[in-house]
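Peer 1: Construct the entire structure; sequences and hints are all you get.
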Amino acid sequence: MALNILVVDDSSVMRSIIIKTLKMTDLPLGDIWEAKNGQEGLRLLHEKWIDLALVDIHMPVMDGEEMIRHLRENQQYENLPVIVVSSESDPNKIEMMLRQGAMFIHKPFKPETLREVVIDMTGVNYEDKD
Amino acid sequence: MKTKIKSVLETSSVTTFEDVCFMYQVPELKKEQKKLKPDAVAEVKYKGDHTGRLVIEAYGDLFSAIAANMLSDESPSLHKKKDALGEIANIICGNVVASLGRSEKGYKIGSPRSLKKEEWLKEKKTDKPFAEISLNFNEGRVDIKFFVDGEISVKEKKIDKSSDC
Chain W
0 MALNILVVDD SSVMRSIIIK TLKMTDLPLG DIWEAKNGQE GLRLLHEKWI DLALVDIHMP
60 VMDGEEMIRH LRENQQYENL PVIVVSSESD PNKIEMMLRQ GAMFIHKPFK PETLREVVID
120 MTGVNYEDKD
Chain G
0 MKTKIKSVLE TSSVTTFEDV CFMYQVPELK KEQKKLKPDA VAEVKYKGDH TGRLVIEAYG
60 DLFSAIAANM LSDESPSLHK KKDALGEIAN IICGNVVASL GRSEKGYKIG SPRSLKKEEW
120 LKEKKTDKPF AEISLNFNEG RVDIKFFVDG EISVKEKKID KSSDC
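Read top to bottom, the protein sequences are chains W and G.
For the first sequence, counting from 1, position 10 maps to 9 in numbering that gives the first Met the number 0; every step adds exactly one.
For the second sequence, counting from 1, position 89 maps to 88 in numbering that gives the first Met the number 0; every step adds exactly one.
Derived by calculation from the structure, the hints in this document are not laboratory data.
Some clues are possibly wrong.
Keeping only pairs whose Cα atoms sit at most 30 Å apart, straight-line, the calculated DSBU-like set for lysine-lysine is [unchecked claim]: (1) G:K123 to W:K92; (2) G:K5 to G:K123; (3) G:K5 to G:K79; (4) G:K104 to W:K35; (5) G:K79 to W:K22; (6) G:K3 to W:K92; (7) W:K92 to G:K115; (8) G:K107 to G:K81; (9) G:K1 to G:K115.
Computed from a prediction, not measured in an experiment: that's the story for all the values here.
Peer 2: Below, the structure written as structure tokens:
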């Protein structure tokens, strides 16, 4: 199964780095969608078939915390795998994300770390590539 | 405290350049790469129990190389080059502020911005960094400076001491 992934970050450079790193994981990737804040991310989730969301915390308009809260309140997305990718170091904030069922990757990160967390969250692996 | 911050600044900077830019340090710069003025400077401000900023200065061809490596783009636009340098500053700052001790409200990291030459010269004259490091790469050098406004309080030192035990 190829994963359709949503990358939500207000920095276009950071989105490019995350996508580049995703491609280096050798995981089966389908379509990759980009959003620059939580609100855009939610809109794309309504429009597209998305299997996994990688979300930053600090963003204008709607931040990552609020976006995840909206997802968990909506039956359609309450189980959507979400990985928070951030340089946030506040343990309270990280704990809050984990309680919402999201996983956390601290920036900077290696492709291997991202790969492990994606596999953990979605169950896909290299064998699924074909 | 100063030694601890410098050590975190160095470790997080090296890791960021390796993991995000796929760039690795070299022991020394080539003579022709030792330029006196930076090609670009980016700044990120932080706010919490302490306030301050992190400044990153890119020398030589490093300014272009950072964006080229991060984005896999041979000739990135000036805008992208500035964004890439700013993102590096943002990531390093996020890692370093955590070592200032636990902030009740948490630390808020601002958006990165490019400094103009005159701003950089003015700040260089007036402010002394709390910790600074230099890293050499094949393409040039980067200086990273971490500033803390005011003094680090005694209360914070105590928290820091107890967390080390």
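Peer 1: Now look at each hint and say whether the structure bears it out.
Peer 2: Hint-by-hint comparison with the structure:
no.	hint	in the structure
1	G:K123 to W:K92	violated (34 Å)
2	G:K5 to G:K123	holds (19 Å)
3	G:K5 to G:K79	holds (29 Å)
4	G:K104 to W:K35	holds (25 Å)
5	G:K79 to W:K22	holds (21 Å)
6	G:K3 to W:K92	holds (24 Å)
7	W:K92 to G:K115	violated (34 Å)
8	G:K107 to G:K81	holds (21 Å)
9	G:K1 to G:K115	holds (28 Å)
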